[in-house]
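Throughout the sequence shown, residue numbering follows my numbering, covering 1 to 811 in sequence.
Treat the hints with care, as some may be off.
Unchecked claim - In silico DSBU-like pairs for lysine-lysine, Cα to Cα no more than 35 Å straight-line: (1) K480 x K809; (2) K33 x K599; (3) K33 x K369.
To be verified - Using C-beta positions, here's what the derived DEER-type ranges look like: (4) A635 x R29: 45 to 51 Å; (5) G371 x A175: 26 to 32 Å; (6) I780 x E219: 54 to 60 Å; (7) H538 x R359: 49 to 55 Å; (8) D265 x R807: 19 to 25 Å; (9) A778 x M414: 51 to 57 Å; (10) R664 x S329: 48 to 54 Å; (11) G371 x Q754: 39 to 45 Å; (12) R359 x G566: 28 to 34 Å; (13) E219 x V777: 31 to 37 Å; (14) H538 x A635: 47 to 53 Å; (15) A681 x E327: 25 to 31 Å; (16) V777 x W146: 28 to 34 Å; (17) A372 x G105: 40 to 46 Å.
FYI, nobody ran anything at the bench for these hints, they're computed from the structure. For glycine and all other residues, C-beta sits at the position ideal for the given N, C-alpha and C.
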Amino acid sequence: MSEAPGGTRPLELAVTGMTCAACSARVQRVLDKEAGVSGASVNLMMRSATLAYDPGATSPERLITLIQDAGYGAEIPAHTGQREALEERDRESAAEVRYFGVRSGVSLVAASVGMIISMPVMHAHAGHGPSADPLMAWSTRVLDPWVERLFPWLYRVDPTALTWLLFAMTVGIMAWAGRHFYVRAWAAARHGTADMNTLVALGTGAAFLYSVVATVAPELFTSRGLPPDVYYEAVLFIIALILLGNTMEARAKNETSRALGALVDLQPRMARVVQEETEEQDVPGAGVGSTGGSIREVELPIEALRPGDLIQVRPGERIPTDGQVVEGSSAVDESMVTGESLPVEKGVGDPVIGGTVNRTGAFRYRAAKLGADSTLSRIVALVRDAQSQRAPIQNLVDRVTGIFVPTVLVMAAMTLGGWLLLAETAPFVRGFAAAVTVLIIACPCAMGLAIPTAVMVATGRGASAGILVKGAAPLQRAGKVDVVVLDKTGTVTEGRPRVTDFVRSGVPVGAGAGELSHAMDDSTLLGLVASLEAVSEHPLGEAVLQHAREAGVAIAPVEAFQSVTGRGVTGSVDGHGLVVGTPELLAEWGVDAQPLQEKAETLSDEGKTPLFVAVDGRLEGILAVADVERPGAAAAVARLGSMGVEVVLLTGDNARTAGAVARRAGIHRVVAGVLPEGKEAEIRRLQGEGRVVAMVGDGINDGPALARADVGIAMGTGTDVAMEAGDVTLLRPDLNAIPDTIALSRRSMAIMHQNLFWAFVYNVLGIPVAAGVLYPVAGILLSPILASAAMAFSSVSVVTNSLRLRRVKLA
Numbered sequence: 001m002s003e004a005p006g007g008t009r010p011l012e013l014a015v016t017g018m019t020c021a022a023c024s025a026r027v028q029r030v031l032d033k034e035a036g037v038s039g040a041s042v043n044l045m046m047r048s049a050t051l052a053y054d055p056g057a058t059s060p061e062r063l064i065t066l067i068q069d070a071g072y073g074a075e076i077p078a079h080t081g082q083r084e085a086l087e088e089r090d091r092e093s094a095a096e097v098r099y100f101g102v103r104s105g106v107s108l109v110a111a112s113v114g115m116i117i118s119m120p121v122m123h124a125h126a127g128h129g130p131s132a133d134p135l136m137a138w139s140t141r142v143l144d145p146w147v148e149r150l151f152p153w154l155y156r157v158d159p160t161a162l163t164w165l166l167f168a169m170t171v172g173i174m175a176w177a178g179r180h181f182y183v184r185a186w187a188a189a190r191h192g193t194a195d196m197n198t199l200v201a202l203g204t205g206a207a208f209l210y211s212v213v214a215t216v217a218p219e220l221f222t223s224r225g226l227p228p229d230v231y232y233e234a235v236l237f238i239i240a241l242i243l244l245g246n247t248m249e250a251r252a253k254n255e256t257s258r259a260l261g262a263l264v265d266l267q268p269r270m271a272r273v274v275q276e277e278t279e280e281q282d283v284p285g286a287g288v289g290s291t292g293g294s295i296r297e298v299e300l301p302i303e304a305l306r307p308g309d310l311i312q313v314r315p316g317e318r319i320p321t322d323g324q325v326v327e328g329s330s331a332v333d334e335s336m337v338t339g340e341s342l343p344v345e346k347g348v349g350d351p352v353i354g355g356t357v358n359r360t361g362a363f364r365y366r367a368a369k370l371g372a373d374s375t376l377s378r379i380v381a382l383v384r385d386a387q388s389q390r391a392p393i394q395n396l397v398d399r400v401t402g403i404f405v406p407t408v409l410v411m412a413a414m415t416l417g418g419w420l421l422l423a424e425t426a427p428f429v430r431g432f433a434a435a436v437t438v439l440i441i442a443c444p445c446a447m448g449l450a451i452p453t454a455v456m457v458a459t460g461r462g463a464s465a466g467i468l469v470k471g472a473a474p475l476q477r478a479g480k481v482d483v484v485v486l487d488k489t490g491t492v493t494e495g496r497p498r499v500t501d502f503v504r505s506g507v508p509v510g511a512g513a514g515e516l517s518h519a520m521d522d523s524t525l526l527g528l529v530a531s532l533e534a535v536s537e538h539p540l541g542e543a544v545l546q547h548a549r550e551a552g553v554a555i556a557p558v559e560a561f562q563s564v565t566g567r568g569v570t571g572s573v574d575g576h577g578l579v580v581g582t583p584e585l586l587a588e589w590g591v592d593a594q595p596l597q598e599k600a601e602t603l604s605d606e607g608k609t610p611l612f613v614a615v616d617g618r619l620e621g622i623l624a625v626a627d628v629e630r631p632g633a634a635a636a637v638a639r640l641g642s643m644g645v646e647v648v649l650l651t652g653d654n655a656r657t658a659g660a661v662a663r664r665a666g667i668h669r670v671v672a673g674v675l676p677e678g679k680e681a682e683i684r685r686l687q688g689e690g691r692v693v694a695m696v697g698d699g700i701n702d703g704p705a706l707a708r709a710d711v712g713i714a715m716g717t718g719t720d721v722a723m724e725a726g727d728v729t730l731l732r733p734d735l736n737a738i739p740d741t742i743a744l745s746r747r748s749m750a751i752m753h754q755n756l757f758w759a760f761v762y763n764v765l766g767i768p769v770a771a772g773v774l775y776p777v778a779g780i781l782l783s784p785i786l787a788s789a790a791m792a793f794s795s796v797s798v799v800t801n802s803l804r805l806r807r808v809k810l811a
């Protein structure tokens with residue numbers, strides 16, 4: 001959990017007993033009312049509450065007591081590692097599936113047997129009049145002949161004995177399989193509240209008590225010409241179908257969190273550590289792999305690693321933790337962490353990320369960030385925190401569910417009263433069946449799952465694509481963005497200068513144009529310049545040196561080196577006098593740069609920095625250096641435009657360079673020469689125009705603008721400050737991740753609205769039908785059994801709809 005603001009402390013509580021949106025909303029209200037609590041977020045899916053509290057105003061113990069007083073369980077989770085915590089959650093999920101699965105299976109068998117046994121009973125009661133329950137009437141008409149043909153002996157058994165057998169079966173199922181409905185409903189009632197369990201308990205309890213009366217005193221019905229129908233098999237089916245729905249829901253909910261477990265599983269449990277050969281030592285949990293010379297490779301658990309440990313990685317193995325290559329080279333597949341599909345070449349000095357896959361070569365690296373500080377652990381923490389947070393749209397659900405269950409209880413009472421007043425035949429029996437159906441069909445489970453399931457799946461899908469959305473709120477806001485502000489250096493560009501052009505006497509290298517009258521060939525000249533720049537610490541010199549290394553040019557010793565601030569460098573290499581820098585510096589050494597001045601201006605207009613090169617008093621050429629755009633920058637800008645999003649380039653660089661970069665990337669609006677406070681002011685100005693702004697940056701100077709923007713998007717290749725200030729972190733160095741983020745948000749919001757629509761419409765339409773409004777005109781009257789099946793599968797449909805986000809196509 002991220003650090004809480006001010007003097008407050010972060011806290012996460014495990015909350016048990018929540019079964020629907022009404023439950024989570026009630027816990028939310030309890031926490032929000034407590035003095036000293038801020039940012040409380042109760043997640044039904046995660047069975048957790050995250051918040052920040054002021055130790056001077058309240059305490060974790062008091063908060064736990066408040067939740068318990070509301071009728072739910074609460075505790076501070078054990079402080080375990082991420083892997084252990086997820087494994088524990090998997091065990092809990094598996095146990096929940098088994099719990100509901102076994103009970104629903106037994107209940108379904110009991111319900112089926114109960115339906116068969118009830119046929120002779122209903123057959124015997126048929127002479128007293130038609131059944132008030134449409135499903136019972138259908139069963140008597142359709143199933144009764146088949147049961148009589150298959151089980152003729154049942155019709156020779158006394159119907160009263162069969163009724164008592166049904167009673168015994170129902171008591172057993174209610175006391176065992178359905179026990180938690182009644183226990184939790186009673187706990188809620190003791191605290192003056194009501195939830196899904198209340199509706200199920202009242203519905204099945206009323207049906208059971210009605211059946212008991214019909215069993216004990218059937219003459220109360222027969223004397224009025226009514227069949228003494230019993231609802232035992234209905235009670236059995238209701239419990240069975242709701243438990244079956246719980247089982248399917250638990251399985252589906254487990255699917256929504258698999259992305260997080262997949263991330264944790266990326267990290268190997270063991271690492272091959274290279275140690276100096278010393279006297280034999282006992283290393284707990286270690287096994288000697290191989291010994292050679294003065295060193296040996298030892299298998300150590302990840303938990304035993306220390307910063308600076310030298311780790312050997314072979315082809316096909318996962319890299320144990322973060323570090324820096326010190327020997328060897330390879331291509332590393334970082335797709336599972338960054339979403340980047342192509343392997344990344346790694347050599348001495350390059351960083352590696354724990355959990356990624358080494359593809360081709362073998363190398364050794366020094367362990368750097370371990371445990372919670374590693375990249376993978378931070379990713380997991382960010383995704384976990386995001387899944388625990390609430391989207392602003394969840395407030396709508398909370399407001400509705402806060403009054404929903406009490407309203408349903410009133411509507412059920414009104415349904416019974418309406419039938420008693422208006423029905424001509426069997427008003428109480430029909431009204432009773434309709435009231436029970438209203439209670440059963442109105443359970444708000446689907447409402448409670450509509451938002452958190454979509455958030456969990458969307459954040460998991462984003463993480464698998466290298467997009468870390470740090471909460472449900474930014475996930476919702478990102479879809480509304482209509483202007484994206486891009487920092488230049490390190491965002492649109494790679495953030496490190498490269499040699500882009502090498503010009504000799506007006507002819508670019510490789511152009512093959514005419515005879516060249518140079519005193520030396522290109523590789524020799526590049527070697528001389530790179531040797532001189534190797535002594536310099538200037539970023540432009542680093543770019544020249546890197547270019548020479550990539551070209552395989554040898555570096556020679558330098559004599560008489562001198563750096564002239566703002567102009568360039570001079571020195572002697574292999575007996576040649578060199579001057580590299582501006583035309584003014586060359587002029588001081590008697591060299592005229594005019595022949596290449598026009599080309600230099602063209603390069604400058606393109607946002608490149610020309611370095612004039614003179615050897616032994618002769619003008620030899622120009623090396624142009626620039627911070628080049630990231631691959632795919634222009635394509636990403638075009639995608640944003642097609643999505644109706646304006647793109648603005650915001651930079652502290654000069655207008656000429658910024659304009660050149662913007663032209664190549666297809667950006668039409670540029671704000672150049674601004675300081676960090678100017679960037680933040682530009683974001684505020686755009687917001688003042690009514691725009692929803694996303695700021696994308698990578699450096700410390702972008703922090704204020706990232707925090708000010710409606711959605712701050714930080715490049716993961718940048719600084720930790722930028723990552724902390726941003727709402728979204730892009731792990732892959734690809735600007736296409738920006739439109740991917742917006743697309744993911746828009747698709748997620750569409751799924752959330754679909755979930756809410758069907759959850760609300762289901763209840764808005766289902767409750768009146770269950771109450772019997774269609775009966776006078778169409779003769780339609782739902783059975784409690786059908787209502788329980790519809791209620792159970794509505795939750796499953798919401799979760800299944802959310803799971804579609806796993807298949808959202810991102811670039």
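Taking the hints in turn, this is what the structure says about them:
no., hint, result
1, K480 x K809, "holds (19 Å)"
2, K33 x K599, "violated (70 Å)"
3, K33 x K369, "violated (40 Å)"
4, A635 x R29: 45 to 51 Å, "holds (48 Å)"
5, G371 x A175: 26 to 32 Å, "violated (48 Å)"
6, I780 x E219: 54 to 60 Å, "violated (32 Å)"
7, H538 x R359: 49 to 55 Å, "violated (35 Å)"
8, D265 x R807: 19 to 25 Å, "holds (21 Å)"
9, A778 x M414: 51 to 57 Å, "violated (21 Å)"
10, R664 x S329: 48 to 54 Å, "violated (31 Å)"
11, G371 x Q754: 39 to 45 Å, "holds (40 Å)"
12, R359 x G566: 28 to 34 Å, "violated (45 Å)"
13, E219 x V777: 31 to 37 Å, "holds (35 Å)"
14, H538 x A635: 47 to 53 Å, "violated (33 Å)"
15, A681 x E327: 25 to 31 Å, "violated (49 Å)"
16, V777 x W146: 28 to 34 Å, "holds (32 Å)"
17, A372 x G105: 40 to 46 Å, "holds (42 Å)"
Figure legend: structure checked against the earlier numbered hints; hints not met, in rising order: 2, 3, 5, 6, 7, 9, 10, 12, 14, 15.
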